Amino acid sequence: MTEEPSSSIKLPSATASILWGTWIWRLLLTVTSGYGSWLMLADTSSWIDFVKHISYFTELSTVMMFLVSLGSVIRPFVTRGTYRHRLEGNYGWFRGVAASMTVLTGIVYATLLGADYPDLSGKIAHIVCPILMALDWFFAGRNQIRLRWFVPLTWAMMLVPYFWLYSWNAHYFGRPMYDFLDPTSGDWWLWVGVMVVVYMVLSYLLLYIGKALRRAPRKTHVNSL
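Under full-length UniProt numbering, the residue at position 163 of the sequence shown is numbered 163, and the numbers go up by one with no gaps.
Hint data in this document are derived by calculation from the structure and do not stem from the laboratory. As the structure is a computational prediction, the values presented were derived from the model and not from experiment. For each residue, glycine too, the CB sits at the ideal point set by N, CA and C. Treat the hints with care, since some could be wrong.
Said to hold, decoys possible - Listed next, with one range per pair, are the computed distances between beta-carbon atoms:
(1) 18 to 212: 28 to 36 angstroms
(2) 184 to 18: 31 to 39 angstroms
(3) 35 to 187: 32 to 40 angstroms
Unchecked claim - Within a straight-line C-alpha distance of at most 20 angstroms, the following computed EDC-like cross-link-like pairs (lysine to aspartate or glutamate) qualify:
(4) 123 to 182
(5) 123 to 43
(6) 10 to 179
(7) 52 to 182
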C-alpha cells in the first residue's frame with residue numbers, strides 16, 4: 001500500500017480567528033525561544049566563544065525554534081491570499097526540524113545529562129521549548145499532513161554537519177561538550193549511531209502522530225498526468 005501523494009491532500013481552511021489566535025501563540029514561542037537563546041549566548045565575548053556556545057545542540061535547537069517561530073509571526077504581514085495561506089505554507093519542513101530538534105534536546109538532557117535545571121536558561125531550553133514546540137506541532141500547525149514519509153531522513157541529514165562541528169569543537173577546546181559523546185573515545189561511532197537512530201525514531205513518531213492528529217480530507221478532484 002503506497003502513501004497518498006501530498007498533492008492530493010488539502011489543508012484545512014482557516015478563519016481570521018484561527019489565523020490571529022495561532023499568530024499570538026507563535027509570538028509566545030518566538031519570545032520564549034528568543035529570550036532563551038539570548039540568555040545562552042549573550043555572554044559570548046568573541047567569535048570563537050560564540051562558536052563554542054552555538055556548537056551545543058541545546059543552543060542550536062533553541063535558535064532553530066526562534067527562527068521558525070519568527071518566520072511564522074512575520075508571514076501574515078508579508079503574504080497575501082486566504083487566511084489559510086497567510087497562516088502557514090503548504091509544507092511543514094522547517095517546523096518539523098524545530099520540533100524534532102527541541103524534543104530531542106529535552107529527552108537527551110533528561111535521560112543522559114542528569115536532568116539538572118539550575119538556571120532559567122536551562123529550564124527554558126530543556127523543558128519549556130520542547131513542550132511548546134511539541135504542542136505547536138501536534139495541535140497548532142496543519143501543514144505536517146502534507147509531508148512525505150522520507151522527510152525525517154532529510155531532517156536527520158542535518159546531523160552530519162553537526163557531528164563534524166561537534167568533533168572540531170571537542171578537539172579545538174580539548175574536551176567534549178557532552179561526556180558520553182567523546183570523539184577521542186573508542187565508543188564515539190557507537191554513540192553517533194545511537195543518536196542518529198534515536199533522532200530518526202523520534203522524527204517518525206512526530207511525523208505520523210502529527211499527521212494523525214491533524215488529518216484533513218482528500219481533495220475532491222485531482223488532475224492526473
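Evaluation of the provided hints:
| no. | hint | result |
| --- | --- | --- |
| 1 | 18 to 212: 28 to 36 angstroms | 20 angstroms, violated |
| 2 | 184 to 18: 31 to 39 angstroms | 52 angstroms, violated |
| 3 | 35 to 187: 32 to 40 angstroms | 36 angstroms, holds |
| 4 | 123 to 182 | 25 angstroms, violated |
| 5 | 123 to 43 | 18 angstroms, holds |
| 6 | 10 to 179 | 46 angstroms, violated |
| 7 | 52 to 182 | 15 angstroms, holds |
Hints 1, 2, 4, 6 from the earlier list are contradicted by this structure; the remaining hints agree with it.
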